[in-house]
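In order, the protein sequences belong to chains A and B.
First residue of the first sequence: 1, per UniProt numbering; consecutive thereafter.
First residue of the second sequence: 1, per UniProt numbering; consecutive thereafter.
The hints are simulated quantities; they were obtained by calculation from the structure and are not laboratory data.
Just so you know, these numbers come straight off a predicted model, no measurement behind them.
Identical copies go unnamed one by one, so any copy, or any two together, can satisfy a pair.
Okay, derived cross-link-like pairs now, BS3-like style, lysine-lysine, Cα gap no bigger than 30 Å in a straight line:
#1 Lys160 <-> Lys224
#2 Lys287 <-> Lys224
#3 Lys67 <-> Lys307
#4 Lys67 <-> Lys224
#5 Lys118 <-> Lys67
#6 Lys95 <-> Lys67
There are 2 protein chains.
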Amino acid sequence: MAETGIHVLPKTGAEAAKQGTLASFKDFVVVEVLNDDPMAKYIALLGRFEGRDEVAVLLLNRKPFNKDSLSSLVGEGLELQHDFVNDIYSKYVGKPPPEHATVTVDLIYPATEKHVRKYRQQRRRMVKETPEMYEGIILPYILSYPPAALQWVYNVLEKKKEVDRLIFEDPDPQLGFMLHPDLKWDQQQVDQLYCLAIIHRRDVPCLRSLDLTHLELLENIRDKGCKAIQDKYGVPANSLRIFVHYPPSYWHFHVHFVHAAFAAPGTAAGKAILLDDIIDNIKIFGKDYWRQRTLTYQLGEADDMWKLLGGAV
Amino acid sequence: MAETGIHVLPKTGAEAAKQGTLASFKDFVVVEVLNDDPMAKYIALLGRFEGRDEVAVLLLNRKPFNKDSLSSLVGEGLELQHDFVNDIYSKYVGKPPPEHATVTVDLIYPATEKHVRKYRQQRRRMVKETPEMYEGIILPYILSYPPAALQWVYNVLEKKKEVDRLIFEDPDPQLGFMLHPDLKWDQQQVDQLYCLAIIHRRDVPCLRSLDLTHLELLENIRDKGCKAIQDKYGVPANSLRIFVHYPPSYWHFHVHFVHAAFAAPGTAAGKAILLDDIIDNIKIFGKDYWRQRTLTYQLGEADDMWKLLGGAV
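Bound conformation, chain A alone (with noise of 0.2 Å):
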C-alpha cells in the first residue's frame, strides 16, 4: 500500500469498515434504531461514518453467560450495587468482569435499502375487531383479495410444491389436511419443533369462518397431526402448543403445532389462539362464538388490516 512511499494516513472508520479492520466507533453516528429486542437483547442501528453518504446496518447482541466460566463470573470480579430488597428477594445491577461482558458486533456496509427494510421493525398496535367490524371491513377486505397470493397454498395442495417435505396428509376433501414442517425449523432440534397443518378445502379463510360445521375438520387436525407428529418426531401430543394466527398472514385455514418448550414468535395472547380453545368454546358456547366475539389482537402499522381499521378503533 505504501509503495510509492507516500505516508500511510490513518485509515477512516468507513475504510477500516470495509475491510473488516474497525477498531471502534469513533467517527460513527446511529441514525435511526431499526429494532431493539430487549428479550433477546438484541439491537439494530442504521448509521453512517462521518464525511460518507453510504449507511451502515449494525446489529449488536449480548453474550449468552459461559456456563464453563462460572467462577470468573460469579466470585469477587461481579460488582454489585444494591438495587432493592424484600424479605428474601434481593436485586442488584451487577458490573461483570470485561471478558464476562462482550457482545457480538455485526456490521453491513455500505448498506442497501433492502437490508435496512430487512432489519427495520414496525411498530405494533393492539385493535379490539367487533362483529360488526369484520363484517363490514374484515370479511369484504378477504374476499377481495386476489386469488393469486394464494396461489402457493394450492401448489403445496395439489403436490406441485413442498412434496418432499409432506409428513403427513388426511386426502378427504372435507376433513383431510397436509401437515409439513414450517420453513423456520430446520428439523435439527424436536425443541424446536414447528409444523404447519393447511386444509383441503377451500372455503375456511379464518378463524371466523369456523362454526359447528367444522367441529370434525378442527378435532381430525388436532389429533391426526398429534399422532403424525408423535410418530415422526416422537413428541407426545401433550408437549405441543397448537394454535392459528388471528387475522392469519394467509387467508386459507391453517394450524400451527409447536413444541410447548419453544418461545417461537407469533405465540403470544392477542396474535395466538388455541385450537383446543376454538373447539371448546364452538362446542359450549354455540355454533356462532367465533362470530360473537369482539377479538382483540396485534397489528403492525405496516398491515392493511392497520390501515383499514386504523380510523375505527
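Let chain A serve as the given structure and place chain B on it in line with the hints.
Same frame as chain A, but now just chain B:
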C-alpha cells in the same frame, strides 16, 4: 450496632445477602446450573455462601441495550476485535464500556426447595383443565394454600413495601387496585414497559373466580390502569397487551400490562389470557363463562399442579 464497644466485624456474604447489601460474590460457590437460556441471555444458578447450609438461587440476566444512550455505547468506548469479513458483511467481538455492560442480579436467599424447583429448567407440558378438575382438584389446592405465601402481596397492598414504586392506586375496597412497575422492568425504556395491577379485594384468587359481579372491577383496572400508564409513561392503551396468567404464579388476582412490542416471557397463548377477552366472554356468554371452559395451558413438570393433574390428563 456497635454500642457495646465491640468491633464491628466485616459482614459475611451470607449476612450481607440477607440484608440486600452484598458487594460481590466473593465467598459464594455455584453448586448447580438450574437453567440456561442462551436466547434470552439468562442463567439461573444454585449456590451457597461459604460455611452456610442454606442455599441461594441466583438469577443473572443481561441488560437490553439502552436506546437512550447509544452515542456512548456505539462510539470510541466500544472496543472491537475482528472476527470475520466477507464482502459487505463483517463481524467483531465488542467490549462495551462498563456502564453498558451491566447485568441484573436477582438473589433469593435463603431459598426454599420450592424456589429451586421453580427456577430449575423443567419440561413444559400442556394440560386441559376441565371444570370438574378445577372444582375437584385445583380449587381445593388454592384454598389449602398457606396464607403466608401471600404475605408479600399484602405488604404491598398495605403500603409496607414498594410504596416508592407505586404508579397509581384506586383505594376502593371492591373496585380498587394498585399499579406498580414489575420488578422485571427497569423503567428505562417504555417499549419494555411491564406493569402489574394488584386488586385490593382478597377473595379473587384467579381467572376461574371471575363472573358478572367482577365486570366493573375488570373494566376499572383496564381503564384506570391504561390512563395511569398513558399519564406516567406516555404509552397509549392501544400499545399495551393486557392479560392475566392462568394459572397465575400467586393466587391473588392481578393483571399484567406489557408493551405490545415487547415479546416478554409469559405472553404465550396457553399461559396469558387477554383482559379484553375475559371481559368480552363474560359479557356475551354469561356469568359462568370462566367456570364452564376447559382451559388448556402449560405447566412445568416440577409444578405442584402438574403433579396434581398429571394422572388425570
